[in-house]
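Colleague: Heads up: the sequence lines are chains A and B, in that order.
Read in order, the letters of the first sequence correspond to residues 519 to 721 in the working numbering.
Read in order, the letters of the second sequence correspond to residues 519 to 721 in the working numbering.
Misleading hints may appear alongside valid ones.
Taking lysine-lysine and the DSS-like style, the derived pairs with C-alpha atoms no more than 27 Å apart in a straight line are [to be verified]:
| no. | chain 1 | residue 1 | chain 2 | residue 2 |
| --- | --- | --- | --- | --- |
| 1 | B | Lys533 | A | Lys555 |
| 2 | B | Lys555 | A | Lys572 |
| 3 | B | Lys533 | A | Lys533 |
| 4 | B | Lys572 | A | Lys572 |
| 5 | A | Lys572 | B | Lys533 |
| 6 | A | Lys533 | B | Lys572 |
| 7 | B | Lys555 | A | Lys555 |
| 8 | A | Lys572 | A | Lys533 |
| 9 | B | Lys533 | B | Lys572 |
| 10 | A | Lys533 | A | Lys555 |
| 11 | A | Lys555 | B | Lys572 |
| 12 | B | Lys533 | B | Lys555 |
Label-pair restraints from in silico Cβ distances [what the hints assert, rightly or not]:
| no. | chain 1 | residue 1 | chain 2 | residue 2 | range |
| --- | --- | --- | --- | --- | --- |
| 13 | A | Gln667 | B | Gly633 | 34 to 42 Å |
| 14 | B | Pro535 | A | Ala682 | 49 to 57 Å |
| 15 | A | Ser614 | B | Pro642 | 40 to 48 Å |
| 16 | A | Ser614 | B | Gln667 | 29 to 37 Å |
| 17 | B | Pro585 | A | Pro558 | 23 to 31 Å |
| 18 | B | Glu525 | A | His695 | 51 to 59 Å |
| 19 | A | Pro558 | B | Ile631 | 55 to 63 Å |
| 20 | A | Arg676 | B | Lys572 | 18 to 26 Å |
| 21 | B | Leu719 | A | Pro558 | 38 to 46 Å |
| 22 | B | Asp584 | A | Pro558 | 14 to 22 Å |
| 23 | B | Gln667 | A | Thr587 | 30 to 38 Å |
Hints listed in this document are in silico derivations from the structure and should not be mistaken for laboratory results.
Glycine included, each C-beta is placed from N, C-alpha and C at the ideal position.
There are 2 protein chains.
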Amino acid sequence: MATSTIERLIAELAKLPGVGPRSARRLALNLLLQREKRIPTLVAALSTALEQVKTCTSCGALDESDPCTICSDSTRDAALVCVVEDVADVWAMERSRAFRGRYHVLGGTLSAIDGRGPDNLRIPPLLSRVANGEVREIILALSATVAGQTTAHYVAERLADSQAHAGHAVTVTRLAHGLPMGGELDYMDDGTLSAALNARLAY
Amino acid sequence: MATSTIERLIAELAKLPGVGPRSARRLALNLLLQREKRIPTLVAALSTALEQVKTCTSCGALDESDPCTICSDSTRDAALVCVVEDVADVWAMERSRAFRGRYHVLGGTLSAIDGRGPDNLRIPPLLSRVANGEVREIILALSATVAGQTTAHYVAERLADSQAHAGHAVTVTRLAHGLPMGGELDYMDDGTLSAALNARLAY
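Take the sequences, apply the hints, and build the full model.
Modeller: And the structure:
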């Protein structure tokens, strides 16, 4: 049986997403067996992160400065704002190197089950950014799931409402739906095939 | 793209067993999004563990004292020693509450692929414990895998050799092989069925 100190470490590790009691024991044991080498570096990385990492008040991403590196990068197009669900999506978009505008992190999708309504998402800050007048296009880059698309639809409506009140017009776009690169046709689900067919382009 | 501080945290988390780059990002993000609440408790648990946890010089298990709680518990039978591969196996045996003797952790199995020979396992300390004369029975509780059984065979031979030199005799036993509790016959592999059949008992 593990001691209280070890049990406490296991309990902390078990709070991580996707880590059950069994894998938490495995992680704890792995750290403890090489504790002199592994624990100090992990503690240092965690402590530095706690000290340095901030949430950008403009876009909601995580960075060591606020406003973040992306929001304060003058080479990036401030008029083009990509709306995403989570910080992980900002990282995914940045890895693709396909986008040179700025971001806006909503902080999730609308979800009745998880009790996340419009007030829990960063929608008012998005409307403020648009109201400031420097945004030309809003790209709704939400997941192609029911939750993602419902949220995109809601955000688009809120943007349209605020546009009707204000004078200037902002273009609202969304990511294309279709075959993922490398995707084989006979492995695609019906929804993807329908979307790809409906959005077909001249060759 | 994540900052260097976040990248460093992701790299540290990716050293954990079974955690790839993708899940390390997920773990890091989960910690960072609730950093004020989650990081201090995890750091405290890790630091306390580093400070308090010791490897028992007698049995090789992890504990806050050396010799460990089990080795220094006089109500447990010091003459009965259960040889296991890892500290995790000590925890598993203790959870079963089926054993009231003491343990000896080998620290793995013999493995040519992983470069673990007899010198990398805690076999000499086991022979010393036996040579001290207070051990009556050694239970080889190694995994029913090729690696586990090869190691068990090797340990049994080394024990027999050392017995031949010394005067006193120690009984060497192994765990029974057969159907696991709750196991359905038609889901059992051939090896298990053969083992269970060969070791059949009078009803």
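Colleague: Look at each hint and say if it fits the structure.
Modeller: Evaluated hints:
The suggested pairing of Lys533 (chain B) with Lys555 (chain A) holds, with an alpha-carbon distance near 12 Å, which does not exceed 27 Å. For the proposed pair Lys555 (chain B) and Lys572 (chain A), the alpha carbon gap of about 14 Å is at most 27 Å, so the pair holds. Between Lys533 (chain B) and Lys533 (chain A) the CA atoms are separated by roughly 18 Å; this keeps the pair inside 27 Å, and the hint holds. Restraint check for Lys572 (chain B) and Lys572 (chain A): the C-alpha separation of about 36 Å exceeds 27 Å, so the hint is violated.
With a C-alpha separation of about 24 Å, the suggested pairing of Lys572 (chain A) with Lys533 (chain B) holds against the 27 Å cut-off. Pair hint Lys533 (chain A) plus Lys572 (chain B) holds up; C-alpha atoms about 24 Å apart against a cutoff of 27 Å. Using a Cα cut-off of 27 Å, the hinted pair Lys555 (chain B) and Lys555 (chain A) holds, with the two alpha carbons roughly 26 Å apart. Taken as a hint, the Lys572 (chain A) and Lys533 (chain A) pair is honoured in the structure, with Cα atoms around 22 Å apart against an allowance of 27 Å.
For the proposed pair Lys533 (chain B) and Lys572 (chain B), the alpha carbon gap of about 22 Å is at most 27 Å, so the pair holds. Pair hint Lys533 (chain A) plus Lys555 (chain A) holds up; C-alpha atoms about 23 Å apart against a cutoff of 27 Å. For the hint pairing Lys555 (chain A) with Lys572 (chain B), the CA-to-CA distance comes to about 14 Å; that is within 27 Å, so the pair holds. As the CA atoms of Lys533 (chain B) and Lys555 (chain B) are separated by approximately 23 Å, the hinted pair is consistent with the 27 Å bound.
The hinted range of 34 to 42 Å is not satisfied by Gln667 (chain A) and Gly633 (chain B), whose Cβ atoms lie roughly 53 Å apart. Taking 49 to 57 Å as the suggested C-beta distance range, the pair Pro535 (chain B) and Ala682 (chain A) conforms, at roughly 55 Å. For Ser614 (chain A) and Pro642 (chain B), the hinted distance range of 40 to 48 Å is not satisfied, since their beta carbons lie about 55 Å from each other. At about 50 Å, the beta-carbon gap between Ser614 (chain A) and Gln667 (chain B) misses the expected band of 29 to 37 Å.
For Pro585 (chain B) paired with Pro558 (chain A), a C-beta distance near 26 Å keeps the hint of 23 to 31 Å intact. Against the hinted window of 51 to 59 Å, the Cβ-Cβ separation of Glu525 (chain B) and His695 (chain A) comes to about 32 Å, which falls outside the hint. Separation of Pro558 (chain A) from Ile631 (chain B) is about 30 Å and departs from the stated range, judged on CB atoms against 55 to 63 Å. Between Arg676 (chain A) and Lys572 (chain B) the Cβ separation comes to about 58 Å, which falls outside the hinted range of 18 to 26 Å.
Judged by the Cβ atoms, the range 38 to 46 Å given for Leu719 (chain B) and Pro558 (chain A) is violated: they are separated by roughly 53 Å. The beta-carbon spacing between Asp584 (chain B) and Pro558 (chain A), approximately 21 Å, falls within the hinted interval of 14 to 22 Å. For the hinted restraint 30 to 38 Å between Gln667 (chain B) and Thr587 (chain A), the CB-CB distance of approximately 56 Å leaves it violated.
Violated hints for the displayed structure, listed by number in ascending order: 4, 13, 15, 16, 18, 19, 20, 21 and 23.
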